[in-house]
Amino acid sequence: MNKIWLVIQREYLSRVKKKSFLLATLLTPLIFPAIMGIFIWIAVEEKENQSLRIIEVVDENNLFFMESSDQYAFSFSDRSVEEAKELVQKGDRYGFLLIPKIDLEDPQGITYYGEENPNMNLISYLESSLRKKIEDQRLYDSGIDPQILSEIRTSVDVTAITLDEEGGERVSDATVNYAIGFLAGILIYMFIFIYGNQIMQGVIEEKSSRIVEILVSSLKPFQLMMGKIVGIAGVGLTQLLIWIVLIGTLTTVVTGFLGMQMPQQQAMEMAQADMGEAVPNGELGEILAVIQGIDFVTLVGAFVFYFLGGYLLYGALFAGIGSAVDAPSDAQQFMLPVTIPLIVAYMGLFVFVLQDPNSTTSFWLSIVPLTSPIAMMGRISYGVPFWELLLSMGLLVLGFLATTWLAGKIYRIGILMHGTKPSYKTLWKWIKTSN
Amino acid sequence: MLEIKQLNKTYGKNRALTDVDLHVPKGVIFGLLGPNGAGKSTLIRIINQIIDADSGEIHINGKKLAPDHISQIGYLPEERGLYKKMKVWDQMLYFAQLKGMSKAESKSRINAWLGKMDMLSWREKKVEDLSKGMAQKVQFISTILHEPALLILDEPFSGFDPVNAEIIKDEILELKEKGTTVILSTHRMESVELLCDQVAMINKSRKILDGSIREVKSSYRPNIFHVTLEDLQAPLPSAWKAVEDGGLWHFSLALDGKTPNELLAELMQMGQVARFQEKIPSMEEIFIHQVKNRDYE
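Respectively, the protein sequence lines represent chains A and B.
Each step along the first sequence adds one to the number in UniProt numbering, with nothing skipped, and position 124 is 124.
Each step along the second sequence adds one to the number in UniProt numbering, with nothing skipped, and position 297 is 297.
What the hints contain is simulated information worked out from the structure, not anything from laboratory work.
Just so you know, even glycine gets a beta-carbon here, dropped at the ideal spot from N, CA and C.
Incorrect hints may have been included.
[What the hints assert, rightly or not] Straight-line Cα separation of at most 27 Å, DSSO-like style, residue types lysine-lysine; simulated pairs:
no., chain 1, residue 1, chain 2, residue 2
1, A, K18, B, K292
2, B, K126, A, K18
3, A, K421, B, K292
4, A, K220, B, K292
5, A, K220, B, K258
6, B, K63, A, K18
7, B, K116, A, K220
8, B, K13, A, K17
9, B, K103, A, K220
10, A, K3, B, K125
11, B, K26, A, K19
12, A, K3, B, K63
13, A, K19, B, K63
14, B, K64, A, K409
15, B, K176, A, K19
16, B, K126, A, K3
17, B, K126, A, K19
18, B, K217, A, K220
19, B, K63, A, K421
20, B, K204, A, K3
21, B, K87, A, K3
22, A, K425, B, K13
23, A, K220, A, K409
24, B, K103, A, K3
25, A, K3, B, K13
26, A, K429, B, K204
27, B, K241, A, K17
28, A, K18, B, K217
29, A, K17, B, K63
30, A, K17, B, K103
31, A, K18, B, K87
32, A, K19, B, K13
[What the hints assert, rightly or not] Not the full set, but computed from the structure, chain A residues with beta-carbon under 8 Å of chain B:
no., residue
33, R10
34, S14
35, R210
36, I214
37, T238
38, Q239
39, I242
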């Protein structure tokens, strides 16, 4: 036990003391707020320096009126299509909207001409303005005053409440849950890949520089392997912790600082864009309620558990692969069976779990140990039945024990083998060898 | 000190060790000889508890080999290395602690050794900045820091220039004076003759000979004498292939069942005996002879 601790210390300190670790740890959190800051700054600048874009509208129905915005102004005229096109080509107009004679029941042939590709915002702005106008007109035609209708229009918002088995209730919101699952899943995925690779590199280094023969004369190969895996986990946790603290602080500072300079409307738009469309404007209170509704103890507890569990499960496999080969380039052939379940979990997170956390596929992805660390994090903020969580965690522990056992068997023989390129068949032989 | 009985080890269908018995007394330098692939490394790994034997027993100072013994054994493998990015000091500290030494004890011993070997200025250097010879010295010190009772050196001189090899040789002899038992596995027969008190030779998984250097040499002497005669009374038989050099005749004769005295008496009849010396085989000759002989069997 004492010796494992020595190995853990060495693995941890030799990495944490490196300049590259310091750089990556301190610079990465700077990059996020920096990028956010740049985006906000650009948005603010653009708003301020924008030149108004004039769009020529030729309306053969003499019906439509387009409201100008900060960015676009609309000029109505009786010009012919040819003349209007010419205006655009000469650069006098940004674009030209042609509304031919249309059937209001089935409007066809409305066309936008422009020198450059129109952006999504413009097109959707045009579409919604036109639709509104057509709808109003049709209401009017069928004898309803649009004015009255807009007075009748009522804003309805469904608050989703999740009932748990003890009869407790909590407010939930798909968007917030989505964001949590998304972030947690990706973090675990990245952590497994980055630090799993570090384990592999470390094992290969010890093997190819022949340090390992000296090491295993002082301690058991299994102690050496576990010491390395745990030591590197410590490095990852340290990095994560520093990131959370730094990103949190910096983001608050940067957004706070820029937020004051942003026009109010812009800030609202940004907030809305961040939250997605599912959260209607001005309902920050509800978001807060949702966040309050999330069981953070379970969430954080589960995150740490799956974070470490997934890492340990895959870390052992990475160690096993590293021990079997002489150089990182030889490792490719064995990487596939490790990479595939990880990618399945990652894809599954987006395609199934976050879309429908309670589907059968989502269930199985979050139960099978190879995919559960990533998939379960996608489900957890939506609320998962206790027995499922317990089953998934139990299987992850079993899975971790199994991969460690398997990797240990390969490791203790692999690290002493030089100059042979093992196949899956030889690996299997090593696993079967008793001592 | 080290007692090995009926040790067997196979890898799949290959026999690495077959019924090997070995007795290494305390305080000797014991040469472990044999060609590549004979089973030496397997034997050394088993003593170091890196791998397990299939059958057989190993005792150290009367106690069955167990994990406790790790701190009493020092091992310098043939294929060896250090962490390139680690500092000399940290590296030595790590290896010493892995052998079970306390941190304080390790530090004072490392300082003592670095001072003795004139290496104090290397403390903070990374191994990748050292020359190969310097790294080998660091490696050697790391092996003996914990003052093992049994020191196993596998080709310790490879990678050293003659000056440093001499330093290491002296260190090995000094350790022996202090009572350390040393197992020296090497191909360099001149260092065997210089250093070893006892040897064992392994070929094709079996021990084929062992004993003190004197015993081995005398049991493998070919019973041939180098003779020089002058003032010949009669021409020598042409079968003796004598070579003349300014009135001196040199040739070699086998005993052919006679005692050396009988042979000498015969020669005295033939002329003045200027030289009569038994041919003593070098360890190298014994080694080559043994390995070749067995290969034909």
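Is the Cα-Cα distance between K18 of chain A and K87 of chain B 27 Å or less? holds (13 Å)
Quick one, is the Q239 of chain A hint okay against chain B at 8 Å, beta carbons? violated (19 Å)
Given R10 of chain A as an interface hint, is its Cβ closer than 8 Å to any Cβ of chain B? holds (6 Å)
Hold the hint about I242 of chain A up to the distance rule: shortest CB distance to chain B must be less than 8 Å. violated (22 Å)
When you check the alpha-carbon spacing of K126 of chain B and K18 of chain A, does it fall within 27 Å? holds (13 Å)
For K18 of chain A and K292 of chain B, compute the direct alpha-carbon distance and say whether it is at most 27 Å. Measuring from Cα to Cα gives roughly 54 Å; hence the hint is violated.
K17 of chain A paired with K63 of chain B [C-alpha distance capped at 27 Å]: violated (43 Å)
Next pair to validate is K64 of chain B with K409 of chain A; report whether the Cα-Cα distance is within 27 Å. holds (26 Å)
Quickly compare the C-alpha distance for K176 of chain B and K19 of chain A to 27 Å and report which way the hint goes. Not OK: K176 of chain B and K19 of chain A at ~44 Å, beyond 27 Å, violated.
Take the shortest C-beta to C-beta distance between I214 of chain A and chain B; is it under 8 Å? Given a least distance of 6 Å, the restraint on I214 of chain A holds.
Restraint check for K103 of chain B with K220 of chain A, where alpha carbons must lie at most 27 Å apart: holds (21 Å)
Does the structure keep K126 of chain B and K19 of chain A at a Cα separation of 27 Å or less? Since the Cα atoms of K126 of chain B and K19 of chain A sit roughly 15 Å apart, the hinted pair holds (cutoff 27 Å).
The structure shown violates the earlier hints numbered 1, 3, 4, 5, 6, 7, 8, 11, 13, 15, 18, 19, 20, 25, 27, 28, 29, 32, 37, 38, 39.
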